[in-house]
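Visitor: From first to last, the protein sequence lines are chains A and B.
Residue numbers are given in the working numbering: position 3 of the first sequence equals residue 36, and the series is strictly consecutive.
Residue numbers are given in the working numbering: position 7 of the second sequence equals residue 542, and the series is strictly consecutive.
Please keep in mind that the hints were generated in silico from the structure rather than gathered at the bench.
No experiment lies behind these values; they were computed from the predicted model shown.
Be aware that one or more of the hints could be misleading.
[Stated by the list, open to error] A partial selection of chain A residues facing chain B, derived with a Cβ cut-off under 7 Å:
{"#": "1", "residue": "Met88"}
{"#": "2", "residue": "Cys113"}
{"#": "3", "residue": "Val196"}
{"#": "4", "residue": "Gly217"}
{"#": "5", "residue": "Ala231"}
{"#": "6", "residue": "Ser237"}
{"#": "7", "residue": "Ala238"}
{"#": "8", "residue": "Ala259"}
[As the list claims (entries may be wrong)] Here are the simulated DSBU-like cross-link-like pairs (lysine-lysine), alpha carbons at most 35 Å apart as the crow flies:
{"#": "9", "chain 1": "A", "residue 1": "Lys284", "chain 2": "A", "residue 2": "Lys63"}
{"#": "10", "chain 1": "A", "residue 1": "Lys63", "chain 2": "A", "residue 2": "Lys76"}
{"#": "11", "chain 1": "A", "residue 1": "Lys76", "chain 2": "A", "residue 2": "Lys131"}
{"#": "12", "chain 1": "A", "residue 1": "Lys100", "chain 2": "B", "residue 2": "Lys577"}
{"#": "13", "chain 1": "B", "residue 1": "Lys581", "chain 2": "A", "residue 2": "Lys63"}
{"#": "14", "chain 1": "A", "residue 1": "Lys313", "chain 2": "B", "residue 2": "Lys577"}
{"#": "15", "chain 1": "A", "residue 1": "Lys100", "chain 2": "A", "residue 2": "Lys76"}
{"#": "16", "chain 1": "A", "residue 1": "Lys313", "chain 2": "A", "residue 2": "Lys131"}
{"#": "17", "chain 1": "A", "residue 1": "Lys100", "chain 2": "A", "residue 2": "Lys131"}
Every residue gets a Cβ at the ideal spot worked out from N, C-alpha and C, and that includes glycine.
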Amino acid sequence: MNGLVAASRVSKTSCFPPHPVAGLAGTSFKHEHLAAILGDDPKGGFFEVHAENYMGAGGPPHDALTKIRRDYPVSLHGVCMSIGGPRPLDKAHLGRFKALVDRYEPALVSEHLAWSTHDTTYYNDLLPLPYTPATVSCVADHIDEVQCAIGRPILLENPSTCVLFPESTMSETDFIRALVRRTGCGLLLDVNNVFVSATNHSYSALSYLADFPLDHVGEIHLAGHAEQEDDEGDLLLIDSHDGPVADAVWKLFDIVIGRCGPLPTLIEWDSAIPEWPVLKSEAAAAQAILDRHADSHYVFGKAHAAG
Amino acid sequence: MPPDEPQSGDLSRRFDYAAAFTAGLLDPDRAPPDAVSGPNGKAAAKRYAVYRNNVTVSLIDALAASFPATLRITGADFFRAMARFHIRETPPTSPLLFEYGRDFPDFIERYEYAQSMPWLADVARMERAWLDAYHAADAEPLASGALASIPPERLADAVFVPHPATRAIRSRYPVVTIFAANRSDGPVGRIETTDPEDALVTRPGLEVFVRHLPPGGAVFLDRLMTGEPLGAATAAALADSTEFDLSANIAGLLQAGAFTAALQGE
């Protein structure tokens, strides 16, 4: 496997400026914002795209992403690799993912601790998995396979879940720590997901964060969530990504950045998408918190997984 | 892999969670899987329903995004019900949602409640072609004057390379008119024509264009796209319609950017 990693790191001429992402807040990139973004001056922050939306052969999506990548750091966020599923990875999909990494030279590359394909069906949702030594082994193999194919480590995102598996024998943080140890992957800490899962499963978000391997976090996600009720009429949160970041999530974010220093932080907003200035001001709020902690001794002290 | 890591001894158990979890995702009549629960043994019916809802709603939304004119014609409630039936019958097999919906036009043609709109399936075919053109590989179209380099006596043997975005759609209904009226933002007036319309869909640059093909034009384009030489394609087009006008069709196709190359025949 290591041989393959080395082979895929054959040097090539870079097509884009490097645009470092350290210490920046960014947003999801949505096509309807392209003209407004290109008109921004000065330019700042970074953009994250869902990899699958750029897996067509050509056309406006690639034209837009090329324009964005020229001016900004880009984070490539895979949504449907099904890393957390029991079945072998889709080799064609992995090939398309690698092609995007090669073409756009993203500053960050991430995927989810979840699955979305089973047998021949793609379910278009991030589905949960039990946490056991057997699933650690299977998911670690999948992460190895992805990292081997693209020739660099990925950041793995903690999920938000509504259900638990009674067969789980490990906590989520232990599970994630085992994956980091086995694969050398970095982590994408979605603070909204932490808050949503903690609420849904009646545990403390702060305890989860205290047990989370923060040293390996290379990116933060923040997003809005929606409220529903479970069977007992208790609060059930959904990571809907359709509104502003909740106050409680901002507070947790502030605590995490206080501990970790100014990690690249993304505002995710995927439906009921607002005008560009609204999204931009959410990113500015995150940037203010990053900047406030930038003076701390963490700034130059750490080599994060994002590199 | 470190040798001391636990191996998944019980393979069948490893596979259980995905099989058990997916069994009821597209079937609202099934009970939630036994394998999941809420915290402290709380019930999981509403919790599991969140996933079931996410799957169905997100796939309906994906079809709505890919077939906006079809949705506008039917209205949202009709469209979403129709899409839900289709999703349960033919869920996506690719994680690329812009590839989903290839079977949707055929489904619409069979759909009981759409029988009063016999043109609806062809509008959906236009939208599927439009999306294919949108995502097709980029390529420089053949210049309008390119045929001048082929000697007249060799023209009948010339073969054309279609642009990756080029599609021909045939219809017994005025599909281009209906499509154009319902893809725009403006109000849709009464559509007076009932004449059949064939369409060329392609994307010479960044913008997808839809054009109404003249009589015989769809057969002509179809034959050229399959690699038949100009002479044979012309004969087929004339057999389809005596009104077929060769020079107007060639000029129209070149001007639309339907091809990337013309190769002189043997």
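Visitor: So, against the hints stated earlier in the document, which numbers end up violated here?
Guide: As far as the earlier hints go, 4, 5, 6, 7, 8, 12 and 14 are violated by this structure, in ascending order.
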